[in-house]
Structures are given as C-alpha cells and as structure tokens.
Amino acid sequence: MAAPFATRDSSTEPGGGAGPRTADPTALLPGARFDDFEILGVLGRGSFGVVYLARQVSLDRRVALKISPSRGQEGRVLARLQHPHIVTVHAQQTRAGLRILCMQYVPSVPLADLLRRLADRGSSWTGADLLAAIDHADTGTADFDPAQLEDRQMLASLDHVGGICFLASRLAAALAPAHRQGVLPRDVTPANVLVRHYGRPLLLDFNMAAAAMAADGEEAMFGGTLPYMAAEHLAAFDPGDATAAAAVTEAADQYSLAVLVFELATGRLPFPAPRGGGISFTERLRALAAERHRLDAIWADPLWRDEPVLTSVLRRALAVEPGDRWPSCDAFAAALEDAADLRRTLAVVRRENFLPGWCLRHPFIAVSLAGVLPNAIGSAVNIPYNLLRVIPAEDEPVFFRSVNVYNAVIYPLCVVLLIAAIRPLWLGWRGRSNEPEKRLRSRALLLPRWAVRISILGWLPAAFYFPWALHAQAIDLPWSKVAHFHVAFLIAGLIALTYSALGVLCVVAFVFYPAFWTDPAGFRRRAAAEVRPVLKALKLVPFLAGSIPLVAVVLLITSSPQTFSDGDYEAFRILTTLLIGLGMVGFKVARAAMGRARAALAAFAGAGD
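The sequence shown begins at 5 in this note's numbering and counts up one residue at a time.
No lab work stands behind these hints: they were computed from the structure.
Be aware that a few hints might be false.
What follows is a set of in silico ranges between Cβ atoms, one per label pair, in the way DEER data are often shown [to be verified]:
1. 526 <-> 388: 27 to 35 Å
2. 108 <-> 365: 51 to 59 Å
3. 582 <-> 312: 22 to 30 Å
4. 428 <-> 312: 15 to 23 Å
5. 184 <-> 303: 26 to 34 Å
6. 303 <-> 582: 52 to 60 Å
7. 128 <-> 582: 48 to 56 Å
8. 303 <-> 533: 48 to 56 Å
9. 365 <-> 437: 14 to 22 Å
10. 610 <-> 441: 18 to 26 Å
11. 88 <-> 310: 16 to 24 Å
Here the structure is a predicted model, which is why all the values come from computation and not from measurement.
In this text, a Cβ means the ideal position worked out from N, Cα and C, and glycines have one as well.
From just these sequences and the hints, can you work out the full model?
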C-alpha cells in the first residue's frame with residue numbers, strides 16, 4: 005500500500021513543527037473518564053493529535069494518553085524500542101478510526117519550548133541556564149532518580165557547547181538502536197524531543213516512522229518537517245524527482261538531528277524554509293534542496309570559528325551526500341561524546357598554560373625564540389669561560405676569528421634545519437597544507453627532538469673544531485687547556501639542549517598540539533597513542549636540568565689547575581658560584597615548567613597518565 009505523505013513546515017509556528025491543530029481540545033475535558041483513564045489535563049497538541057495527562061485508574065498511576073487518527077505504526081514502533089532516551093508505550097487500542105496510546109508520563113518540557121525560553125541568550129546559554137528554564141516551566145512532580153541526578157549535576161557544570169553535546173549525543177544514542185531495529189523516525193525536531201527535569205532528553209512522536217513491520221499491510225506514514233529534512237528526503241517528496249522513499253535512510257535522521265544541533269548552537273536553523281507568497285510546494289521543496297548544497301554559507305557565525313571541534317562533527321553530519329555523513333548514529337553519538345571529551349581536555353590545557361598571551365598570538369616567533377635563546381645563553385657562558393681559562397690574551401684575536409668562521413657555517417645550517425622543522429606546521433596553521441591533522445600533530449611533537457638535534461649540531465663539533473682551528477693557526481694548547489674547551493662546550497651544550505627542548509616543548513604542549521585537534525572521532529585512543537611515547541621521553545628533561553650545575557662544578561674543579569693567581573682564583577670562585585646559583589634556579593624553573601607541560605600532554609593521554 006502506498007504510504008500517505010505528510011509534512012510540517014516549522015516556519016508556520018516559531019520553534020518548529022507543531023503544525024495546524026487537528027484535534028478538538030474540548031473533546032476530553034479535565035475530570036472526564038475515558039475507559040480506564042481519568043483526564044487530568046492537556047500536555048500538548050500536534051498535527052497528528054492531542055496528548056493528555058491522565059490517571060490510569062486500575063493501576064493508580066499517571067500516564068500520557070495520546071489520541072490521534074489511526075494511521076501509521078507509532079504504537080507498534082514504540083513498543084519495540086526500550087531505551088532510556090525514548091518514551092515508553094504501555095498499551096494501544098483503536099476506536100472509531102482513532103488510535104489511543106497509553107504512554108509513559110514524563111514530567112518534562114518540549115525542547116522547542118526551551119529554545120523559545122532561551123532565545124534571548126542566543127548562543128551563550130549554559131547547561132545551568134537550560135536547567136533553570138526547565139525548572140521555570142511547569143514540569144510536574146518528578147520522581148527522585150539518583151542516576152539522573154548525576155546527569156543534572158553534569159549538565160549544570162557545562163558551558164553552551166558542552167550542554168549541546170550532552171543533549172545531542174544522547175539523542176543520537178537513542179536513534180542508533182531504533183535504526184538497528186529497522187525503525188526510522190524521519191521527524192527529529194525540537195518539537196519531538198522532551199527534556200526531563202533532570203536534563204535527560206527523550207525522543208517521542210514516531211507518527212512518521214518507517215519500520216520493517218509494514219509487511220502485514222498496515223499503512224505507513226511518510227513525512228517530516230521541511231527545514232529539518234536532508235536533501236534526499238526533500239527529493240523524495242518532489243513529484244518531479246525520481247528519488248524514491250527508500251532513499252530516506254538512517255542518514256536522513258542523522259541529518260535532521262544535526263540541524264537540531266545547529267539550532268541549539270546558534271538559535272536559528274541553518275536552512276530556514278523560504279517565505280513569501282506565490283511559491284508552490286514543489287518550488288519550496290526545490291529551493292530548500294538547493295540551499296542544502298550551499299554549505300559554506302551557514303558557517304559564518306563566529307561560534308563555528310571559535311568551536312572547530314563541534315564544527316567538524318556537524319560538517320560531516322550535514323554533508324549533502326548520505327554516504328559522506330557519519331556511518332551510523334552510533335558513530336555520530338561517539339563523535340559528539342569525543343567532542344565533549346576533547347573540549348574538557350583543552351580546558352585542562354588552558355588551565356595549565358603559563359605562557360604569556362603574546363606567545364599564544366605569535367606561536368611561531370615564540371617557538372623560534374625558545375629554540376634560539378638557550379643557545380645564546382650557552383654562548384654567553386662559554387665564551388667568557390674560554391677567555392678566562394683557555395685563551396691567552398695575545399691569542400684572543402685568533403680565537404674570535406675562529407668563532408666567526410664557525411658561526412658563519414653552523415648558524416645558517418641550524419637555521420635551515422629549524423625552518424625545515426617549523427615550515428610544515430606553519431603551512432598547516434595557515435590552512436595552506438593538505439597534510440592531515442594527525443601528521444601535523446606528529447610533526448609538532450617532534451619539535452623538541454629537533455631542538456635537541458640542532459643544539460647537538462651546534463655544540464658538539466665546536467669541542468673539536470676550536471682546538472684544531474687554534475692549532476692550525478700556530479697556537480698549540482696543552483692538554484689541560486683542551487680539556488677546558490671540552491668542559492666549557494659540554495656545559496654550554498647541556499644548557500642549550502635542555503632549555504631549548506623545554507621551551508619548544510611548552511609551546512608545543514600549550515599551542516601547537518591542541519590547535520591541530522579538530523576532528524574528535526576516536527580522540528582519546530588516538531591521543532594516548534601519540535602522547536605516551538613523548539611523556540616517557542620527558543622524564544629525562546628534569547634530570548638534565550638538575551645535572552647542569554652538578555656537572556659544571558665537578559668538571560670545573562677537576563679540570564682546574566692546582567694553583568691560581570689571586571685574580572684568577574677570584575674569577576674562578578665567582579664563576580663557580582654563579583653556575584651553581586643559576587643552575588639551581590634553572591632546575592626549579594625547568595621542573596615547574598616541565599610539570600605543567602607534562603600535565604597538559606598527559607590530559608590528552610587520559611587521567612592518571
């Protein structure tokens with residue numbers, strides 16, 4: 005039997021999908037008896053009937069009694085679905101062309117009403133605001149439920165996007181088992197979602213649901229609410245389009261839920277129904293379908309720029325082609341939960357971050373300075389020591405000439421390596437790279453290793469170059485002086501290596517690595533695999549920082565001559581004291597910075613890492 009068509013155009017009523025009233029509200033007045041039910045009041049009216057609050061006399065319990073034309077399969081569909089986010093049906097009967105559904109009564113507020121109550125907050129309402137709107141509405145007396153109380157406490161702590169992910173992930177999780185049983189609600193709108201006193205959302209109104217049970221000849225409805233329909237859903241309505249109703253699959257329900265999420269986020273629909281007289285129903289369908297292909301136009305709201313994680317999830321769910329959407333509502337729900345998890349992790353990173361705002365605004369300058377300044381400090385330690393303990397005054401011009409030659413070769417080479425390491429990240433940051441985010445994150449995590457390599461390249465050859473260069477210019481140094489060279493370059497190299505790696509790591513942990521997380525699918529598993537090897541390697545950094553003053557003092561003492569002139573002894577004492585003091589301060593700074601950076605990266609790996 006052909007399925008009757010029915011549509012709802014939410015442009016006729018603000019807040020979506022209620023449509024024209026088809027039932028007489030005076031048919032059953034409060035106090036009236038209807039079989040085993042005593043009518044207490046009206047809960048809601050829709051395009052397919054009226055829902056009453058009633059008392060089932062025989063069981064002395066409150067129920068929701070839905071009376072509507074006996075069309076479609078809503079009762080049988082709901083009876084098959086047992087889920088905490090789907091309204092439960094207790095019984096069904098038909099009489100004189102009407103269907104009477106006895107359903108679970110849930111003290112709650114339609115999501116469409118909550119959207120109207122929160123309209124003045126735009127895209128800034130929070131989970132606490134949503135709960136306040138529920139409390140302000142008359143939801144009736146709710147039974148105490150410890151499990152749902154935990155939901156309410158969680159929702160109260162969430163910001164705007166966190167609250168959206170909370171609601172949407174649970175609705176997607178409710179659609180998934182319905183789809184697995186062959187049930188397609190085909191009308192997911194705010195008007196068809198209830199939100200309980202505790203904040204838990206519930207799907208209701210399966211009038212238009214398609215189900216595999218229609219083989220017995222029972223008539224099935226085919227319809228929906230126009231602004232929430234996917235392109236293929238609209239095409240199936242178009243009499244001039246060959247698209248069949250069978251093209252409206254689980255992906256269409258996912259699309260409708262994504263439209264609902266967009267509305268929760270911005271307070272408006274991404275594709276509002278065209279208005280104005282003189283437009284036929286077919287023209288309206290085609291105009292709506294054409295809008296579905298202009299996706300770039302809907303992301304202008306600043307919210308989407310500021311929330312790339314939620315944006316990436318919705319972009320996929322709102323794809324024009326069904327095959328480009330999430331493979332199932334299970335996957336959609338998981339992506340929404342992962343988005344919430346990723347946002348919580350990013351909040352931890354922001355709390356741990358101690359970098360000044362300038363570094364966050366200019367991360368590439370910051371990471372370059374983090375790599376260069378420790379090497380400059382190493383030079384500031386190295387050159388005075390060599391002049392004091394190694395190079396005779398008459399040979400200083402030769403020493404400085406050797407320094408200039410070395411720097412002319414090594415510095416450009418180190419700069420080239422630094423640019424080679426940073427450039428792919430810069431291209432990805434600017435959106436000029438086709439590299440996937442995973443690859444960019446891997447490059448970011450490798451930057452501290454590049455800092456170590458560049459430091460080794462800068463300092464290790466110097467320990468051998470300078471004795472050879474001085475010897476080549478007829479300056480023969482005794483082995484004790486050569487040992488001093490090695491001591492000086494070892495200390496300077498340790499300073500450069502340790503603190504350049506630490507500085508670069510901090511920029512990576514607080515800026516680059518978080519910035520390249522916008523696709524939350526499988527977030528926790530992927531992040532843990534990426535970060536855990538780095539966390540193990542980081543245990544070495546505090547050890548290196550702590551070893552610098554100890555190594556410096558030991559090597560200075562063991563490589564110093566047995567006797568000093570008064571002036572040399574005083575200089576040696578000052579230098580040793582300075583190295584010890586700076587080393588201790590540097591160790592404390594390094595330990596504190598490393599702790600914060602490690603905590604930021606450990607947040608990606610999961611609690612307890």
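These are the hints, each one checked on the structure:
The given range of 27 to 35 Å is broken by residue 526 and residue 388, whose C-beta atoms sit roughly 53 Å from each other. Residue 108 and residue 365 have their C-beta atoms about 53 Å apart, which keeps the hinted 51 to 59 Å range intact. Evaluation of the 22 to 30 Å hint for residue 582 and residue 312 yields a failure: the beta carbon distance comes to about 47 Å. The hinted range of 15 to 23 Å is satisfied by residue 428 and residue 312, whose Cβ atoms lie roughly 19 Å apart.
The hinted window of 26 to 34 Å between residue 184 and residue 303 holds, with their beta carbons roughly 32 Å apart. Checked against the hint of 52 to 60 Å, the C-beta distance between residue 303 and residue 582 comes to roughly 56 Å, which is consistent with it. The hinted range of 48 to 56 Å is satisfied by residue 128 and residue 582, whose Cβ atoms lie roughly 54 Å apart. Between residue 303 and residue 533, the C-beta spacing of about 30 Å breaks the proposed range 48 to 56 Å.
For residue 365 and residue 437, the hinted distance range of 14 to 22 Å is satisfied, since their beta carbons lie about 21 Å from each other. Between residue 610 and residue 441 the beta carbon distance is about 19 Å. The supplied range of 18 to 26 Å therefore holds. Range check, residue 88 to residue 310: Cβ separation about 32 Å, and the 16 to 24 Å hint is violated.
Violated hints, in rising order: 1, 3, 8 and 11; the structure is consistent with all others.
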